[in-house]
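There are 2 protein chains.
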Amino acid sequence: MTQNSVRSTVQMTKRTRLGRRKDRARYERDQIYAILDEGLVAYVGFFDGNSSHVLPMAYGRCGDFLVLHGSRLSRLMNSAKEVEGLCVNVSLIDGLIFARSAFHHSVNYRSVSIYGAAQEVVEDAEKIDMLRAVVDHTFSGRWEACRPVSESELFATTVLKLPLDECVAKVRSGPPVDDKEDLEWNIWAGVVPVQTSFGEPVADAYCKKGLAPPSR
Amino acid sequence: MTQNSVRSTVQMTKRTRLGRRKDRARYERDQIYAILDEGLVAYVGFFDGNSSHVLPMAYGRCGDFLVLHGSRLSRLMNSAKEVEGLCVNVSLIDGLIFARSAFHHSVNYRSVSIYGAAQEVVEDAEKIDMLRAVVDHTFSGRWEACRPVSESELFATTVLKLPLDECVAKVRSGPPVDDKEDLEWNIWAGVVPVQTSFGEPVADAYCKKGLAPPSR
Numbered sequence: 003m004t005q006n007s008v009r010s011t012v013q014m015t016k017r018t019r020l021g022r023r024k025d026r027a028r029y030e031r032d033q034i035y036a037i038l039d040e041g042l043v044a045y046v047g048f049f050d051g052n053s054s055h056v057l058p059m060a061y062g063r064c065g066d067f068l069v070l071h072g073s074r075l076s077r078l079m080n081s082a083k084e085v086e087g088l089c090v091n092v093s094l095i096d097g098l099i100f101a102r103s104a105f106h107h108s109v110n111y112r113s114v115s116i117y118g119a120a121q122e123v124v125e126d127a128e129k130i131d132m133l134r135a136v137v138d139h140t141f142s143g144r145w146e147a148c149r150p151v152s153e154s155e156l157f158a159t160t161v162l163k164l165p166l167d168e169c170v171a172k173v174r175s176g177p178p179v180d181d182k183e184d185l186e187w188n189i190w191a192g193v194v195p196v197q198t199s200f201g202e203p204v205a206d207a208y209c210k211k212g213l214a215p216p217s218r
Numbered sequence: 003m004t005q006n007s008v009r010s011t012v013q014m015t016k017r018t019r020l021g022r023r024k025d026r027a028r029y030e031r032d033q034i035y036a037i038l039d040e041g042l043v044a045y046v047g048f049f050d051g052n053s054s055h056v057l058p059m060a061y062g063r064c065g066d067f068l069v070l071h072g073s074r075l076s077r078l079m080n081s082a083k084e085v086e087g088l089c090v091n092v093s094l095i096d097g098l099i100f101a102r103s104a105f106h107h108s109v110n111y112r113s114v115s116i117y118g119a120a121q122e123v124v125e126d127a128e129k130i131d132m133l134r135a136v137v138d139h140t141f142s143g144r145w146e147a148c149r150p151v152s153e154s155e156l157f158a159t160t161v162l163k164l165p166l167d168e169c170v171a172k173v174r175s176g177p178p179v180d181d182k183e184d185l186e187w188n189i190w191a192g193v194v195p196v197q198t199s200f201g202e203p204v205a206d207a208y209c210k211k212g213l214a215p216p217s218r
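One line per chain: the protein sequences are A and B, in this order.
When the letters of the first sequence are read in order and numbered with the numbering used here, they come out as residues 3 to 218.
When the letters of the second sequence are read in order and numbered with the numbering used here, they come out as residues 3 to 218.
You may find that some hints are simply not true.
Intra- or inter-copy, both count: the list cannot distinguish identical chains.
[Stated by the list, open to error] In silico lysine-lysine, DSBU-like type, Cα no more than 30 Å apart, as pairs:
{"#": "1", "residue 1": "172", "residue 2": "16"}
{"#": "2", "residue 1": "172", "residue 2": "24"}
{"#": "3", "residue 1": "211", "residue 2": "182"}
{"#": "4", "residue 1": "210", "residue 2": "182"}
{"#": "5", "residue 1": "83", "residue 2": "210"}
{"#": "6", "residue 1": "16", "residue 2": "83"}
{"#": "7", "residue 1": "211", "residue 2": "24"}
{"#": "8", "residue 1": "16", "residue 2": "211"}
{"#": "9", "residue 1": "83", "residue 2": "172"}
{"#": "10", "residue 1": "24", "residue 2": "182"}
{"#": "11", "residue 1": "211", "residue 2": "83"}
{"#": "12", "residue 1": "16", "residue 2": "210"}
{"#": "13", "residue 1": "172", "residue 2": "182"}
{"#": "14", "residue 1": "16", "residue 2": "182"}
Treat the hints as calculated values from the structure; they're not laboratory data.
Note that the structure is predicted; figures quoted are calculated from it, not measured.
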């Protein structure tokens, strides 16, 4: 599901060329895909003709596509399907940068922005592949353990795929960068790491005894 | 900085009325503000006339305003300032919902969407109040510990405030909701909690010995 394209970099476009901090931009597919594969939520932005919208959504990656899904009845899903251009951002926050000046406080992060038009996946076999990518991404390999998907569930779900062509990763890492003349201040400066972690699984009321909880 | 408005709920609009899952909507300011105060990154969406954009940004809350800031030279900051309508989303992911069917997998979350036009803050005293809100939000009370902000830093920074008028919180909590006929399957079902946590502070190379690291 997650095999990479042989093309090792994406092409830079006007929208994915960083105006400032060009040193933070990455166009290598392996770097972009590693961030997407680690993220949990995609922030999907689109303009419906009147308003901008930003929707947090679960997602997956299937080869060179980002995969989104939602109810066939969702008006926002239907808008996202119809608009010409989506912008999707996935960000990982790695650390808080405490500098000596408020001005140089910052955040270490790895972030991907994707621009493009989503295509609806209509053929059942491809739809199942794509939904498996979403479930296995968020719930690490859960698809096979589930009760098989039904025809009516498949019909009730809209699946969109967004080509990973026009995209860029932006990365900030390392310590604070203070002004030289500030280094003598008696102010602690450095990085506080930020992590996302998973707690102890809590079985629901109907869960049969003895079943192993997921390892994630 | 974070005193709440006396108005206890925000007014629902066409954009903040949920089309489906109405039971997940919250319009109480205390619930909306609690989510904003806990979040780390705001996803700022806008349409520049040609494209949608979604930018992950640090933020703060100052009374009934969400506060954003960035370099005066940032083209995206300047676009966000000029467009009529922003949409900003802040989401907290609380748990992964493992159901017996792939279809009923879900995520527990608390999310806020804000619609509106940002106003540029130009007066120095208000600008400082707003920047303090951003720094203290992200770095919990750090502003007072920093080297005081300079005039040139203040000039170099654009501060935008977005009124918390047209906004809605959306909340999903609790266990999976499986179809009744699926409850007999020998499949573990329940919730895996998701947390954001902070690691051990790492001082930078210039940090004087004996200074206490931040408690966050």
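Hints versus structure:
no.: 1; hint: 172 with 16; verdict: within (15 Å within a copy, 35 Å between copies)
no.: 2; hint: 172 with 24; verdict: within (9 Å within a copy, 36 Å between copies)
no.: 3; hint: 211 with 182; verdict: between (62 Å within a copy, 18 Å between copies)
no.: 4; hint: 210 with 182; verdict: between (62 Å within a copy, 14 Å between copies)
no.: 5; hint: 83 with 210; verdict: neither (40 Å within a copy, 55 Å between copies)
no.: 6; hint: 16 with 83; verdict: both (23 Å within a copy, 20 Å between copies)
no.: 7; hint: 211 with 24; verdict: neither (54 Å within a copy, 34 Å between copies)
no.: 8; hint: 16 with 211; verdict: neither (56 Å within a copy, 46 Å between copies)
no.: 9; hint: 83 with 172; verdict: both (26 Å within a copy, 22 Å between copies)
no.: 10; hint: 24 with 182; verdict: within (23 Å within a copy, 54 Å between copies)
no.: 11; hint: 211 with 83; verdict: neither (42 Å within a copy, 56 Å between copies)
no.: 12; hint: 16 with 210; verdict: neither (55 Å within a copy, 44 Å between copies)
no.: 13; hint: 172 with 182; verdict: within (26 Å within a copy, 45 Å between copies)
no.: 14; hint: 16 with 182; verdict: neither (35 Å within a copy, 52 Å between copies)
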